[in-house]
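Q: Following the hints, put chain B in place on chain A, whose structure we already have.
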Amino acid sequence: MSLAAAQPVTSPGAIELIGAEKAFDTDTGSVRALARTDFSVRKGEFAVLLGPSGCGKTTLLRLIAGLEHPSSGIVRIGGRNLWDDDRRDTSAVADMGMVFQDANLFPWLTVEDNISLPLKLRGTEKRTRRSKAAALCALVGIKGFEKRRPRELSGGMRQRAAIARALSYNPDILLMDEPFGALDAITRDMMNIELQRIWLETSKTILLVTHSIMEAVFLADRVALLSPRPGRIQEIIDVPFARPRDITVQSAPEFRDIADHLRSRLEH
Amino acid sequence: MPAWLGSLILLALFLTAWEGYVRLFGVSKLVLPPPSLVLVEWARSLSEPNVWFHTWITVWETVIGFFFATLIGIGLGALLGKMPRLERMLNPFIVATQVVPKVALVPLFVVWFGFGITSKVVIASVLAFFPILLNTMLGVKSVDWGHREVLASLNATRWQSVVELEFPSALPFILTGMEAGVVLAIIGAVVGEYLGGSEGLGNLAVRDMNAYDTTALFAVIIHLSIIGFLFYGAVVACRRFLIPWHESARLQG
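Chains A and B, in that order, give the protein sequences. Under the numbering used here, the first residue of the first sequence carries the number 1, and numbering increases by one thereafter. Under the numbering used here, the first residue of the second sequence carries the number 269, and numbering increases by one thereafter.
So that you can see chain B by itself, here it is in the shape it has in the complex:
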């Protein structure tokens, strides 16, 4: 039996068990609606332009936030990776920010950037930034010494080293950082929406929660999951496309 079929069967069993449990024990749909109801509600929501509007807002926040996180994360990461003295100076600050749960800063960002899209983009950016920064630094520092010696023996300039060696060498690391970052970007956008404003899927989720519409809430969760899957899948596809030579791209199913 191929693996995907096994997964499908497991999923069917899970949904059946869920459905059975709810019906058998008469669980209120305000607590745990049955999958049948959830799927109907989700399908219905697809025809609601309102839902698409909120989806688009969350997607937009994630994309912009992720874009800036990538730009600044790679840029700064490359710089710090190549300048050990600067890195040593900034290290305590980097460690300090790692220790702070970034989500705790969300209310602060709302104070600074308001209830609109800007604060969500900033939060998404900040959350996604750190894995990208740290992985880029690691990638630049992990350049193979033998490769460096080859370029040294070839009179390569500093810039040539960056383009021909450091960037391709660091790319697998950068992509790993981006994979972690894109997930955090979505989290940042949604959590920002929980806290304030009137737009986005996170906001929709809070409204459904307040209205005790758990079925609609589940539908929102499904939306978010699909978005997360698509974003993550896009970055993973980048890996296949950009670094086909690397084990990480070849070992993927």
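Chain A on its own, in the form it takes in the complex:
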């Protein structure tokens, strides 16, 4: 187990945090959700933020996504500064797709309209949107459900649609905030396998937040372990298993060693 800090890179599809921190103002004073943090993700890497509730992992992800403004520090996406004072760099945001714990599909739109919504916002014409949505449905495994409404889909299928939506405008980076947290354990395992497949097929950079050790070690190239009060990165661990990983890798002794190590660090 080595502490592997990735070299900061400024290529497209890379993420860099330099001295970023976030404090929230509450009624009871200021809360440091994330202490000064340096972190980076290489292009094409699958990185995972792992930690218990309140450790700042979601805040870290949201700082990268541009959904939160850092109290101090720099966020760089694909070599570009995400913030210019209070203004977000829209092309940096366009390099990222976000998947939330709730699929957040619009109930008044069909699945294909939901998936192609980002394209509609960009002014893409209807026929292109339809074909792109169909291709994405096939990629994420919900082919045939294009004309259905979100309420007709199961939780796992909705998340697949949300992933498809995030991929629709071909961003370099996919940010995922506990995307499978609301799913049952069986569906969750299946979605982990599917996510690996989608990642290998699309070569995106993925940063995923989770509190599941098994999920983290199965999916990640590197796991950043966070601890709370204040939120900070405690340790970063390489996961050296070859791709594609079978679900049976979870029984391998090396896998268990890594998981045990993470678990013991989490219990402090």
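Just to be clear, a hint being listed does not mean it is correct.
Claimed, not checked - Label-pair ranges, simulated between beta-carbon atoms:
no.: 1; chain 1: B; residue 1: Val-371; chain 2: A; residue 2: Gly-155; range: 48 to 54 angstroms
no.: 2; chain 1: B; residue 1: Ala-271; chain 2: A; residue 2: Asp-184; range: 35 to 41 angstroms
no.: 3; chain 1: B; residue 1: Arg-416; chain 2: A; residue 2: Ser-91; range: 39 to 45 angstroms
no.: 4; chain 1: A; residue 1: Pro-52; chain 2: B; residue 2: Arg-416; range: 24 to 30 angstroms
no.: 5; chain 1: A; residue 1: Arg-127; chain 2: B; residue 2: Glu-316; range: 55 to 61 angstroms
no.: 6; chain 1: B; residue 1: Leu-344; chain 2: A; residue 2: Thr-28; range: 44 to 50 angstroms
no.: 7; chain 1: A; residue 1: Glu-125; chain 2: B; residue 2: Phe-321; range: 48 to 54 angstroms
Derived by calculation from the structure, the hints in this document are not laboratory data. Where a beta carbon is used, it is the ideal one built from N, C-alpha and C, also for glycine.
A: Chain B in isolation, oriented as in the chain A frame:
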């Protein structure tokens, strides 16, 4: 037995009881005419062009009043829903107007707008406006936060948020406001007609009252009920058509 048949039987029983009561106890038709008489009178009135004229006046007042109430109610409601500071400033005034029974303002509107159609349209508008305004505000404020975050992550502009998210999100609320509003619009038009002028079904009702023609009065009530039913049904049909995706549209029989 299907539900509609049960309703029909209940209606028949009610009418029979009414008829029986009037005949048995010799109730004067100036107080409570029997349904047989009412239905005959109502059927007869359908062939009277005068009645259609008054009906058309009331309908027209309701439609125009409702139209303006909807236009201003949705517009202002969307604005206030999106601007919490402005809403907080206007809140005491909104609450004050809610407390005032709008019907009490009818004589004032007659003073301001005269005895013609204008005052009725204004009254119908004012009455219908408030539920539409308040429901629109609620709808805009109730936009799902997760949906907002999705659009934020997609670089959506303010206008795109309004068109793609806020409007469809608020539509179920707006339609609820419109359902309440259309009923109030009819009430406003009719009450305005009670007070003054010489046209409309409300005016006809007052004339029948003064002439002690209770049977004709009942016929007017039936006219108004049918109009109310058609207006309300139209708005409800809008719900089915505009928001088929929403539970409220699917749960309707």
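Q: Now look at each hint and say whether the structure bears it out.
A: These are the hints, each one checked on the structure:
no.	hint	verdict
1	B/Val-371 with A/Gly-155: 48 to 54 angstroms	50 angstroms, holds
2	B/Ala-271 with A/Asp-184: 35 to 41 angstroms	39 angstroms, holds
3	B/Arg-416 with A/Ser-91: 39 to 45 angstroms	22 angstroms, violated
4	A/Pro-52 with B/Arg-416: 24 to 30 angstroms	27 angstroms, holds
5	A/Arg-127 with B/Glu-316: 55 to 61 angstroms	58 angstroms, holds
6	B/Leu-344 with A/Thr-28: 44 to 50 angstroms	37 angstroms, violated
7	A/Glu-125 with B/Phe-321: 48 to 54 angstroms	52 angstroms, holds
Checked against the numbered hints given earlier, this structure breaks hints 3, 6; the rest are met.
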